[in-house]
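If you follow the hints, you should be able to join the two separate chains into one complex; please do so.
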Amino acid sequence: MDLSDEALIKKYRVDGDMTVFSTLVKRYQNRVFMIAYRLLNNSEEAEEVVQDTFVKVHQNFDKFRTENIFASWIFRIAHNHCMDILRQRQRKRSTVVVSFDPQSTVAEEEGDRILNQPLSQVADEQPNPSQSLDMSEQTNMVERSLNELPEAQKTVLILHDLQGFSYSEIAEIVGANIGTVRSRLHYGRIKLKELLAPYFSSEVNLPATFR
Amino acid sequence: MQDSNSKCQQLEEALDAYYDLELSAEEAEVVERHLADCEACTARLAEIDSVVMQVKTIPEVTLSRDLSGDIEAKILAAQAKSGELTPAPASSVTASSNVVPFTPVASSKKKYYLVASAAAVIALSFALAQLKPAPSTVASITKPNSTGVVSAQKSEPASGQTAPTIAQTVTQTPVQPPLMQSRLTQARLTQTDVSTKANLNSASTPANTHTAQMLAATGKSGGVNKHEHDINQNQVNDSEELVALYDYENTDNALDLGFSTNEDGLYAIKL
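Chains as they are written, first to last, in numbering that gives the first Met the number 0: chain A, 0 to 210; chain B, 0 to 270.
Hints are computed from structural coordinates only; laboratory data are not their basis.
These numbers come from a predicted model, not from an experiment.
A hint or two may mislead.
Unchecked claim - Which bits of chain B does chain A cover? Going by a derived footprint, with three or more residues having C-beta under 8 Å, they are:
(1) 15-29
(2) 53-62
As the list claims (entries may be wrong) - Computed beta-carbon distance windows for the label pairs:
(3) Glu47(A) to Glu28(B): 45 to 55 Å
(4) Ser81(B) to Lys9(A): 21 to 31 Å
(5) Leu20(B) to Asp14(A): 31 to 41 Å
(6) Lys6(B) to Asp14(A): 54 to 64 Å
(7) Asp1(A) to Gly68(B): 35 to 45 Å
(8) Glu59(B) to Ser167(A): 18 to 28 Å
(9) Thr65(A) to Glu28(B): 33 to 43 Å
Even for Gly, the Cβ is constructed at its ideal location relative to N, Cα and C.
This is chain B alone, in the form it adopts within the complex (with noise of 0.2 Å):
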């Protein structure tokens, strides 16, 4: 009797599982050999069956009305919603996380430069019309060769060739390599001192850079128009200034003299 409730206990889930045939054939089997012999169990197994079928007698209900046009009108509501959070620009410009909008922080910048560059046009061009150069000298700067060595000289202009303006000389596109080389090659051969030589060598280093620097920063000529006998001095002190400048501009430090640059190439002064 004792085996059999114990018996009973073990199969009492089991009961349900066994009338919703949901056990295996194994354990089906093994359910109705103890109903065989168990008049409780068997009981037990009707009372099932009747809270089931009780559970069944509640009707079912349904829908009134077909939800479906609704849920589509719902669906087409919230991707439209999603939509507005992250609307395409009027530009048809497609929006993406490497695409970074204009701000007016960069446009007033834009703005600071084109202005700021404008006065420094005219500043130059001023400075340039108070050096008044002799018609039949040109102070020619020449960006530093690749080994950083500048060098100014004089040359003879072309009939009709008028000297270029410290502005021009300053925006023009680098000096195409032949002609770069080939003035420092005339410039190499007009120096006649050599200790000159040697200092004008020192200056691809960069100390002589610093030189330029501090040259450009002080207003003073140095030592390097020296070296150029034959050229008029005040223009000589004039194109070493230009020299220094271009050089000094061409360093990070061009912001700190006041130049500036943007990505157009135009050229900026701090005002």
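The following block holds chain A by itself, in its conformation from the complex (with noise of 0.2 Å):
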């Protein structure tokens, strides 16, 4: 019978056994990972987030109060990571300079983030909406149009359409009250609507291509 995550940390407590704390760590680690991948959509940076994660976890261990969730409180701690993560890539952006290039797609190819957006500006390498869409490609659209919403947005909606976690919990792990988390769920999926719209029927919930 697997104990609970305050079972574990009492017990983590009192006797000090890694093996206690690598028990919590297992438990956390591939929804920790889940939700890095998703914002930073790059699987080594995500697995750094989740060590580091966890190491702070450990650091601070004495700092964390049994009465709050201790899942809210990892993921709190992955969020912040990942978004200290897409705040130096926005300041590496602003020193990228973009060379012109529409017969280019290296970058989209090699999955650079950093080089993906602003290229996505000037050379839509989308496929055209009149286009066919199986469903592999349907997802790939989604993520798309996922990452180009907000940070803030795209945040909330991964952790509660993705993830499953309550507003009170994304309120707790992004660092805001429950009623801008509503905003931003709200407001992300009038958003990501409109990015799906020239793809998706608004009518019916199926890709245009099998109307």
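Here is the structure:
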């Protein structure tokens, strides 16, 4: 029988046994990775976030109060790590000189997130909406559209619609009040609908090519 | 119609919360009543469902490997690193805020005191040898009593007793109170001159300390030895100098004279 988070925390505080802490790591590492990967779109950086998150959790273990939700605390630390990385990218991006080359798709093929977004603004590599979409392309399109959302809206959408966190948990993770979370989710969905509108029917939940 | 639009705007954000089951029962009931009469909001609810369903098509990604081992290694490395910053000394003395490590300056000072004290012992021994006291008479130095009275007296040494060196005198522990008291009493009884006695009593004042300091500083014996008529004048002079020196040494001005003492009670002379 698996022990609850609270029981494991109490046990680790008494024994200091690293295997107990590793149990907590194994319980949450995958979800932390999923969120980090969706926010960063980079598996290596997401793995680093997972590791740094749990190192920080361990360093600040004494500061955690058991009346709070341990999972929310972990994801909040992870979210902050992701935001730090995104801010670093933003600073780097502001110094990158993007050359206009509509024929070049190297940046996108390599998944270079720094160059990808500016290029998408000047040379749209997305398929024509009239082109047919298979399911993998459909998923790819949703991912692209999701990545075009403002970070705050994207984060809330990922945490709620992908990870299933409640409004209050999201508020705790991102450090905002519930009203803000609700608003971000609302406008994020509106924006995502607009981005997906060229590809999907707004009336029925099927790709345009399936109609 | 206008009321319906304002209601739609009012419930715009609430529709998302309604879809997410984040509204209270009362709020949800208000939304449901409106949805029953508003096709636009019903369509909007369907759009929300469509978008959420699209988002849910994004596949879940999973870690390619278990990172718990790496994380544990990182934690241990961080702990080791923080331990290196404050290493425990080899003597296994635990580092704490109230432990002050010995510094090279302190140790060199200690060496200075050892060398200087050795030099002082030699120099003072030599000086005492120059005094050549009469075998029958030994100048005895007593510490100032509680009132600060300084006395010099003649005493007959016991057979085989040798005159103490100055070094021995100044490094000896304070005379035991009964002995000191008896010597003081004897000294006072031997005083025949009342005025002299008055002078001696005045020695208990800080002014007398100053006199002794001046005495030692100038090397003059002053008038104290006038009251010891039955003692060899030279010995008295020497004794008074030693008394003054000792008295002066016990003040805070010892360093000015070139004498100092360390925590072990060893005396040093400034070279």
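Here is how each hint holds up against the structure:
1. 15-29: holds (count 4)
2. 53-62: holds (count 10)
3. Glu47(A) to Glu28(B): 45 to 55 Å: Since Glu47(A) and Glu28(B) have Cβ atoms about 47 Å apart, the given range 45 to 55 Å holds.
4. Ser81(B) to Lys9(A): 21 to 31 Å: holds (25 Å)
5. Leu20(B) to Asp14(A): 31 to 41 Å: holds (40 Å)
6. Lys6(B) to Asp14(A): 54 to 64 Å: holds (58 Å)
7. Asp1(A) to Gly68(B): 35 to 45 Å: violated (20 Å)
8. Glu59(B) to Ser167(A): 18 to 28 Å: Holds, at about 23 Å.
9. Thr65(A) to Glu28(B): 33 to 43 Å: holds (36 Å)
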